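A.B. asks: This is what each chain is made of:
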Amino acid sequence: MEKTIEEINQKIKKGTAVILNAEEIIGYVKEKGVKATAKDVDVVTTATFGPMCSSGAFINFGHSDPPIKMGKVWLNDVPAYAGIAAVDIYIGATEPSETRGLDYGGAHVIEDLIAGRSVKLKATAPGTDCYPRKEIETYVTKDTINQAYLFNPRNAYQNYAVATNSSNRTIYTYMGKLLPKFTNATFSSAGQLSPLLNDPYYRTIGIGTRIFLGGADGYISWVGTQHNPSKERLANGTPTGLAGTLAVIGDLKEMSARYIRAAAFKKYGISMFVGIGIPIPVIDEEMVEFLKIRDEDIQVEIFDYSVQRRNKPSYGKVNYKELRSGTIKINNRSVRTGPISSYARAMEIADLLKDKISSGKFYLTDMVQPLPLNGECRSLEVLSQEEF
Amino acid sequence: MKKKKLILSFPEKTVTSPVTYMLVKEFDLEFNILRAEITPDVEGKMHIELRGNDEKINKAIKYLEDTGVSVQEAAKDILIDKDSCVDCGECTSVCIPQALSLDSKTGKLLFDKDKCILCKSCLDSCPVKAIKLNI
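Note that the protein sequences, when read in sequence, are chains A and B. FYI, the numbering for the first sequence is 1 to 388, going by my numbering. FYI, the numbering for the second sequence is 389 to 523, going by my numbering.
Just so you know, the hints here were simulated from the structure itself, not pulled from any lab data. In this text, all values refer to a predicted model and were calculated from it rather than measured experimentally. Zero decoy hints are in this set.
Chain B is faced by these chain A residues, among others (derived, beta-carbon under 10 Å):
hint, residue
1, 49
2, 170
3, 179
4, 183
5, 184
6, 271
7, 324
8, 337
9, 342
In this text, a Cβ means the ideal position worked out from N, Cα and C, and glycines have one as well.
Please model the complete structure; the sequences and the hints are all you need to start from.
C.D. replies: The following block contains the structure:
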């Protein structure tokens, strides 16, 4: 039994669509089988809520009088990039404040704006005939600025890594605090709930797909940076590490601070928890085979983050069921595990998206163009001009 | 059987007294040292859990105070701001006594106060600063 997106949307309109989240589908398939599930179920909602550094917002402030061509820009003392048109800027999530260091940064500015709090805008400029003003200091909120949208170059990683530390000192990383001598290990994926692990070959998730982004409707705008579809995969299609990624876009003014949250990792820096939900249409039986994936069917590789090199030593693979049990074995010793992405908040998003779809507030889209299935992520080599 | 968590501060002159030995011998108490920072000839601190009957615990506290040890109830506590917490679970892996864990069904953060030894390892692990020391 095959279904088109159009047919599924007709069912949503009539209120007859059957929608499950990516955890519920597991039990459904077990009970009814693949064939019946493909017939009965129309949409499966997936989600993730984790720190995603490659995030930020484009803002257009509107023009002051007299106008200014902003050269250097700060929002709550966090520098923003202004090398585009006069009052357009990009504020990156990881940019630290010039006055509060690693405790406050771009992600906090974005969260403050989403929460409706006012933010201090400061800008300087050389002054030109058409833009005479040389400096400005004022306060803005999401309601007073002209436009603001999140544009995140790399989100929703299709699987990630497990981080541990073999050295004899505590290290502070983007995977959190790693205690000495394999005392703990951290991981970051929603596993069986995660969008790209439920559509491992990008059959339904592609450029143009409408998604849930930070509480608002958003879209997949492009292939994410460092997209690496050639990563080793298991027979069920899931990659065992860093593979596909998405670039996403959505209106900041419509978002909720419950689903976009600033994060500050001690001695590492700032990141941003981004909540993403993606509906997967149950177009055929093959899709059900992918959607029935469980935490125990998804493996991920363990790396030693104390080795400060691009390629870190591996300690083999574990699955997400083992990781969620709280303990894994590394070199025959028990190591305490903890996630850094929130399964509880991801589940909340999957259920929220389910409700939006069943109440006819969210319709599925056909992708405009698929994500690449080939190609690798290149590295940067350090070369002199002669070597080049 | 009662449990009581205490913070003992030893001034210089009492550092060398065998107080924990006396707690067992004279007052028949079980004790569990949760944290201790004691250097001879310097003031020390010990975070201790006493188990025994009420009367004996009170007598032991009186004995400690008479020896010159200052006794405070361990009223300090880890406080989790549920509104800020996103249930990411980051703190659970740095919590050695496993006082912090995630509910296996809901994925929400659980805190078992009785297991907490106030090592404070979770405080700086929290990316949203939702864990504070309640004094």
